[in-house]
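Protein sequences, first through last, are from chains A, B and C. So for the first sequence, the numbering used here puts the first residue at 11; every next one is plus one. So for the second sequence, the numbering used here puts the first residue at 2; every next one is plus one. So for the third sequence, the numbering used here puts the first residue at 3; every next one is plus one.
These aren't lab readings, by the way, just hints derived from the structure by calculation. Every residue gets a Cβ at the ideal spot worked out from N, C-alpha and C, and that includes glycine. One or more of the hints may lead you astray.
Once the Cα atoms are required to be at most 16 Å apart in a straight line, the calculated EDC-like pairs of lysine to aspartate or glutamate come out as [unchecked claim]:
#	chain 1	residue 1	chain 2	residue 2
1	A	Lys373	A	Asp50
2	B	Lys178	A	Asp50
3	C	Lys165	C	Glu34
4	B	Lys178	A	Asp75
5	B	Lys178	A	Asp76
6	B	Lys178	A	Asp236
A short list of chain B residues far from chain A (calculated; beta carbon distances all over 12 Å) [to be verified]:
#	residue
7	Leu30
8	Lys178
9	Ala244
10	Thr296
11	Ala411
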Amino acid sequence: MEFGPIFRSLLRSRARVILIVAEVALTLAIVANCLSLILDTRAQLARPSGFDDEHLIAIQTNPFDDRLRDQKVLDRLVDQDRRTLATVAGVRAVSHTGLRPWERSGNITAVRVPGTHGEPARTQSAEADPGLFDTLGIPIVQGRGFTEAEYDHGADAPLSEVQPVVVSRALADALYPNGGALGKPVADAEETQRFTIVGIVDRFYNPFGNTSEKVMFQPARSVGFDFGSRYLVRTQGNPAPLMPQLEKALLGVEKGRFVQLRTLVDSRDEFHGRDRLLVASLNAVMALLVLVTALGIVGLTSFSVAERQRQIGTRRALGADRLAIVRHFLLENWMVTSFGVVLGVLLAYGLNFGIVTWVAGAKLSLATVAAGALALWTIGLGAALGPALRGARVPPAIATRNV
Amino acid sequence: MLLYNLRLAWKSVRRYPVLSALILLGIALGVGVSTTFITAYHVLARDPVPGKSGSLHYVRMNSWGVADDPFRQTPPPLITWRDAQELLKSRVPARSTATFASRGTVFPPDGTRPSRQSLRLVTADFFPMFDVPFRYGGPWSREADARPETVAVISSALNDRLFGGANSVGRTIRIEKTELKIVGVLAPWRPRVRAYALVSDPLGAPEPVFLPLALTGPMELRPAEFQMSWRTPAPGEEKLPYASRLLVNEVLFVGFWAELPNPESVRAYRSFVDAYVTEQKKHGRFPHPLNNRVTSVLDLMAELKVVPPQTKALAVISLLFLVVAALNLIGLFLGTVLARASTVGVRRALGASRWTIFVQHLVECELMGLAGGILGVLLSLAGLAVLNRVYGDGPKGVAFFQLDVPMVLAAVVLSLLAGAIAGLYPAWRICAIPPARHLKSQ
Amino acid sequence: MPMLKMDNVSKIYRTGLVETRALRDFSLTVDEGEFVTITGPSGSGKTTFLNVSGLLDAFEQGTYWLDGMDVSRLSDREMSRVRNEKIGFIFQGFNLLPDLDVFDNVDVPLRYRRLPAKERKARIEKAVAMVGLSSRLRHLPSQLSGGQQQRVAIARVLAGDPKLILADEPTGNLDSAMAREIMEILEQVNEAGTTIIMVTHNPEHAARAHRQLHIADGRLVDFERITPFPLNRVERTESSRQVAG
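Only chain A is shown next, with the shape it has when bound in the complex:
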């Protein structure tokens, strides 16, 4: 191969080389950082909740009729609602719970092992009825769920009474790192209230605050005139068509209230909306950038081919076959791209350093940079191929054409 002469001749056509090198380097820096941001975000997007999201509907009810200001009426209403929802055809399970999956909302509580000091563990907490685990589709892997009696009693239980709770594996491990959390006590941070872990669930993930995997469920019928009550309904098939029926059923029980229904998939999509948009934006920026850069390389290589018709003819006359001409231009281009890639790797780390320091984001991984570099090499060669083939079609007789 003709590295030496091509390299030496490149050093002499500075403007073109500098342009392509700069373009390739900047493109690589941008592409690598976009890729890094995309991978970073996609990892979060891909994380499943562990719930049967595709078959779940969340229902929020808020009473407005003054008759419903009576707590006893509301309590009875919840039981009626639960029974009614369960009878709708196509419903697999129903739960009355304070948990709000994929809504960036809920309660966060600080808990600790009684008698310990220091920073308590922060966890999501939610009221739940016995049906919750079946409804979410997260089985109790250790211990047991709640009984109807516990649920019935929960809201009225005095503070002094030890309440049963079901916790996620992550919370159990945070409280009792050596295992054996089942049956062990938990208390709120101030130890005014105590709990016993009666069950543990795996696969809990509901991004909210900094406590995505930790949860503590308490059995209680949570309903009030000002905050209403919430239900989760797990369906056998596609949940969306069932929503009008469910709404009608609830209003049939009591129409002095608002009923809002939403599939969990909708909530999840909204939750991910901005991240998806980010990924889409980054993808678009990358694609357009690569397009612009490729066009640039095509343009510059075309000019360099057009400008060097006579040289190509001369080379042909001196014995270069078409392949040699293609190879020459590809090699030349590859070398320029390579300068760009080398510079681009440095720039990519520089840009990443800037972004991580001044903005936010993850550090660039070697694999990402390597992928970007490989992509640019390919694009560089691809973009040069057309002009190079055109160069190979330059007839050798051009060499004897006189000025």
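Position chains B and C against the provided structure of chain A, taking the given hints into account.
Below, chains B and C alone, put in the same frame as chain A:
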């Protein structure tokens, strides 16, 4: 001469249509992408209360009660009801307001089915502090806060729905069990960043109903957005009436803003807050060391990362995109210009000065830059439309990201700049070559 | 054995509707070791003849043997190889690659022949020494005079050690002193045994060849005319006459 140069530029565009299209596309993409993402950044990052952000200050006090939890060494983002009441009494700030969001059932005057609406509880000062625009009527008075009077300010959208858009000042609406007299109707108002709700939901839409903060107790309005508490209610506390409970519990749900027009007043206010907390310590509250914050709007926005870091990163990346597009242009221009070297030689031989040739080529680049810029602005409208599908307030709602005049001007300047950057070097190259060489080589 | 033998070669150029017959039933034999000059007016077909004989251009009819090999219908690749190994070109415009220095320019055909680096270096240095430019190995063409550039082009040919040199007005762009210099080098090369076919406008240079051909309108005219030779060329002349006759 400019006209002549423009005509020459047009001729060369016609002569190299594909290349010109590529050049145009290059600039348009560069300007389009950067305008889109810089607009997204600009909409979120710009001063949410123009001219006021320097003087509006958010107040935080460390009222956490548990001393041994490291998490609780930074002050919480909200304050308690009772502290808010005390701060409101201070006359150090020109104006001050305490605010939180609630929800309630709004009963239309015609007796049709009620609707559940977000409510914002504020004091009279809120409206001038945050430059809230009115269509009919105006804010209630400070006296209405003190009494309190059962008055309300409603949004133009709610006014349209309940009163068909008529001037409803003086009419009444029922919220929960209370009849309220409408004193003001807002003009359509959609700040992209709600300065007054920075800690809870800065990008949300303003609430349709504004009520005097003092109605919280009588109307038993609960905070709907965000509340925190470090203390489990003492036995018997739950039995107290809501208004009294507010004065003893330690629930954090109120945001507090003070208008402090100059550094002296900020200093004075800081000492006032510190003095208040020191006084409270005597009553066994505020066990942590003094750690109060009085923060301006823009500082708070930065602290809370109201502009998502990814949006910032995208803005930076899209500017670099523009640089790549400009580099690309230099290359393409260089190619076309040098390909025309011989005609330039003829022009030079016919008496065109170096400067004339330089200007001729620069004009051509600028023309392409401008055309590409205009196309780019159109592209960015499409880009923003895509962004708005996620950020906008529903299908018929307000477009969240909109190009404003400064952004369009910036886009045009950017494209002219790109044209100039891209054109300078090729124009210089072509006019620097001696004319004889072009003539000979053809 | 003839170095070059063309039988009824025709070459037609088509541009749109116009068809130009640049070579018409062209026949010529050139012996190994001959120095032949070709003259003719502009557009007579001189360059076409050079292109065809140098395998730079394909032709429609006829047969062409080069160094005993039928090269009438070769693939691009085979033609390139023949050009590289058997033919050396010298152009009026020198056709040095402007981005390459003297060494790299001379190196070009050797690269295409895939010779090992050591041998290339030896050949380059020897060829450049032969044209007296050893001190300019790392100079760019733009740093050399016209005569020097043409000497580099000749070195490029010599390094490849071709059997046939095709020279297209090699002195056309040079002043007379430089032109003479170039002619002397070419004559030395010819003396060493390389066949040379040279197109020229200069009657004085044309007259220095063993044989002078004239092309007009795509045909060879005045084929028989033999010019006076310098004394030292007599033996060769005899042999070429025999063949020609």
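Of all the hints given earlier, name the ones this structure violates by number, lowest first. 2, 7, 8
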